[in-house]
Each structure stands twice: as structure tokens, then as C-alpha cells.
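Colleague: Chains G and F, in that order, are what the protein sequence lines are.
One gets our numbering by counting positions in the first sequence from 1 and adding 747 to each.
One gets our numbering by counting positions in the second sequence from 1 and adding 1 to each.
Think of the hints as simulated: they come from the structure by calculation, not from any bench.
Since the model is a prediction, treat every value here as computed from it, not as a measurement.
Glycine included, every Cβ here is placed at the ideal spot set by N, Cα and C.
Careful: at least some of the hints might be erroneous.
[Unchecked claim] Some chain F residues well away from chain G (every beta-carbon gap over 12 angstroms; in silico):
{"id": "1", "residue": "Thr14"}
{"id": "2", "residue": "Glu15"}
{"id": "3", "residue": "Arg42"}
{"id": "4", "residue": "Ser67"}
{"id": "5", "residue": "Ser88"}
[Unchecked claim] Derived, one-sided and incomplete: chain G residues facing chain F with beta-carbon distance under 7 angstroms:
{"id": "6", "residue": "Gln798"}
{"id": "7", "residue": "Lys802"}
{"id": "8", "residue": "Val845"}
{"id": "9", "residue": "Tyr848"}
{"id": "10", "residue": "Phe852"}
{"id": "11", "residue": "Thr854"}
{"id": "12", "residue": "Arg857"}
{"id": "13", "residue": "Lys859"}
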Amino acid sequence: AQTVTQSQPEMSVQEAETVTLSCTYDTSESDYYLFWYKQPPSRQMILVIRQEAYKQQNATENRFSVNFQKAAKSFSLKISDSQLGDAAMYFCAYRSEVGTYKYIFGTGTRLKVLA
Amino acid sequence: DAGVIQSPRHEVTEMGQEVTLRCKPISGHNSLFWYRQTMMRGLELLIYFNNNVPIDDSGMPEDRFSAKMPNASFSTLKIQPSEPRDSAVYFCASSRAAAAGTQYFGPGTRLTVL
Numbered sequence: 748a749q750t751v752t753q754s755q756p757e758m759s760v761q762e763a764e765t766v767t768l769s770c771t772y773d774t775s776e777s778d779y780y781l782f783w784y785k786q787p788p789s790r791q792m793i794l795v796i797r798q799e800a801y802k803q804q805n806a807t808e809n810r811f812s813v814n815f816q817k818a819a820k821s822f823s824l825k826i827s828d829s830q831l832g833d834a835a836m837y838f839c840a841y842r843s844e845v846g847t848y849k850y851i852f853g854t855g856t857r858l859k860v861l862a
Numbered sequence: 002d003a004g005v006i007q008s009p010r011h012e013v014t015e016m017g018q019e020v021t022l023r024c025k026p027i028s029g030h031n032s033l034f035w036y037r038q039t040m041m042r043g044l045e046l047l048i049y050f051n052n053n054v055p056i057d058d059s060g061m062p063e064d065r066f067s068a069k070m071p072n073a074s075f076s077t078l079k080i081q082p083s084e085p086r087d088s089a090v091y092f093c094a095s096s097r098a099a100a101a102g103t104q105y106f107g108p109g110t111r112l113t114v115l
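Could you build the full structure based on these sequences and the hints that come with them?
Modeller: So, in C-alpha cells, the structure goes:
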């Protein structure tokens with residue numbers, strides 16, 4: 748069975764600085780998808796970024812980028828030029844390419860942004 | 002496009018009462034998911050539907066919980082009878098399998114059972 752691990756329960760970053768959130772996963776599959784979701788205090792789950800495992804290139808969305816290391820089964824999220832609005836819980840998720848459409852979520856990392 | 006719509010946004014009820022949570026997925030999405038989020042257990046998948054058919058309900062905690070999807074644009078999650086330990090935020094999410102299965106979440110329903 749697949750597992751997703753976020754080993755950092757909480758992180759802090761100064762406004763305008765860069766922070767990296769870690770995520771590792773375990774799977775025997777070769778094709779899958781990985782996601783980062785943001786959950787601000789409003790509790791709405793918002794998709795931040797998505798990575799297809801078959802793509803070598805790391806996904807980017809504006810100030811958000813990932814470092815996808817398939818062999819190491821690592822999928823970290825880098826937030827550049829951090830803003831106060833980035834403060835939230837961040838969840839890493841795994842989805843198989845075939846069969847079930849279920850996500851496997853990590854336990855989340857709470858990001859605090861300091862002014 | 003409208004996102005996933007959930008109602009009510011907040012529900013406060015007394016133990017033993019029936020609670021019904023509602024979800025309207027994004028038009029054109031063929032998969033629908035119900036999650037529960039608590040501090041203790043994090044985000045748990047309760048059940049998911051594909052083309053209105055329940056595929057996996059192994060996350061449903063017990064017989065007091067039931068879910069239906071009578072058509073492609075509506076789903077309900079019912080708790081009968083409710084208990085204080087059911088207090089949580091319940092999310093509905095939908096996805097279109099062809100689009101890499103990205104799930105889009107509704108705003109959630111905060112349920113408090115007194």
C-alpha cells in the first residue's frame with residue numbers, strides 16, 4: 748500500500764524569504780500523480796501544484812515549484828518570496844495512475860509566515 | 002465555472018438527531034469523494050463514487066453513516082443517529098478522471114454534535 752509522509756509538522760518563514768516543505772512517499776508503482784494542497788484558516792482545500800510522475804520536468808506555478816526526485820520518492824514544495832497569505836496547512840497527496848482514484852494524503856505541515 | 006458546492010456550511014445538532022450533508026460536484030466531473038477532517042485523525046476518505054456508483058466505502062466509520070449519489074449532480078452524506086464524536090469538518094470533492102484525477106474540494110461543512 749502507498750504511504751505519504753510529511754515529517755515537518757510546522758515550519759516558519761520570514762516574509763519574502765523562501766521555504767521548502769518536505770514530502771516523501773512509498774509506492775511500487777511507476778506511474779502516478781502527486782499534488783500539494785493548501786488549507787488556509789478558511790479551511791478551503793486549494794490545489795497548489797500537480798506533478799505527473801512520468802514527467803522529468805519539475806512543475807511550477809508562479810512562486811510555487813516542486814523538486815520531484817522519483818528515485819528517492821521525494822516531492823518537496825518550494826515557496827519563493829513568501830507572503831503572509833501563504834500561511835496555511837499544506838498537504839501532500841499521492842494518486843495512482845490506474846485503478847482507484849483515491850488520494851493518499853500526508854498529515855500536513857503548518858506554515859507560519861512572519862512579518 | 003462554479004466550484005463544488007456544499008450545504009450547509011455549518012450544522013449544530015444534538016446527539017441522536019439525523020444529519021444530512023449535501024454536495025453538488027463540478028459539472029462534468031464523474032468522480033465524487035466524501036472526506037472527514039479532525040485534529041486527531043487528519044483527513045480521512047469516507048467513500049467515493051465513480052459515475053454515481055459507490056466504489057469504495059471502506060472508510061465509512063460505521064452503519065450510522067450512509068451516502069448516496071442519485072444523479073451526477075448531487076450527493077448526500079447522512080449520519081443517523083449522530084454522536085458527539087462525529088463532530089468534524091466534512092468535505093466533498095470531485096474530479097474528472099481524464100484530467101489526471103485532480104480533485105477539487107468544496108468549502109466543507111463544519112458539524113458540531115452536542
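Colleague: Work down the list of hints and note, for each, if the structure agrees.
Modeller: Results for each hint:
1. Listed as a non-interface residue, Thr14 (chain F) keeps its Cβ farther than 12 angstroms from every Cβ of chain G; the least gap is roughly 19 angstroms.
2. The Cβ of Glu15 (chain F) lies farther than 12 angstroms from every Cβ of chain G, with a closest approach of about 24 angstroms, so its non-interface assignment holds.
3. Here Arg42 (chain F) does not stay apart from chain G, with its beta-carbon only about 10 angstroms from theirs, under the 12 angstroms limit.
4. The Cβ of Ser67 (chain F) sits about 19 angstroms from the closest Cβ of chain G, beyond the 12 angstroms cut-off, so the non-interface label holds.
5. Ser88 (chain F), annotated as away from the interface, keeps every beta carbon of chain G farther than 12 angstroms; the closest lies near 14 angstroms.
6. Of the supplied interface hints, the one on Gln798 (chain G) is violated, with its beta-carbon coming no nearer than about 10 angstroms to a beta-carbon of chain F, more than 7 angstroms.
7. A cut of 7 angstroms between beta carbons decides the hint on Lys802 (chain G): the least distance to chain F is about 11 angstroms, and the hint is violated.
8. Violation of the interface hint for Val845 (chain G) is found here, the shortest Cβ-Cβ separation to chain F being roughly 11 angstroms, above the 7 angstroms cut-off.
9. The criterion of a C-beta within 7 angstroms of any C-beta in chain F is met by Tyr848 (chain G), whose closest approach is roughly 5 angstroms, and the hint holds.
10. For Phe852 (chain G), the interface hint holds, since its Cβ comes within 7 angstroms of a Cβ in chain F; the closest pair sits about 5 angstroms apart.
11. Because the closest C-beta pair between Thr854 (chain G) and chain F is about 5 angstroms apart, less than 7 angstroms, the hint holds.
12. Interface restraint check: Arg857 (chain G) against chain F, minimum CB-CB distance 12 angstroms, threshold 7 angstroms, status violated.
13. Interface restraint check: Lys859 (chain G) against chain F, minimum CB-CB distance 17 angstroms, threshold 7 angstroms, status violated.
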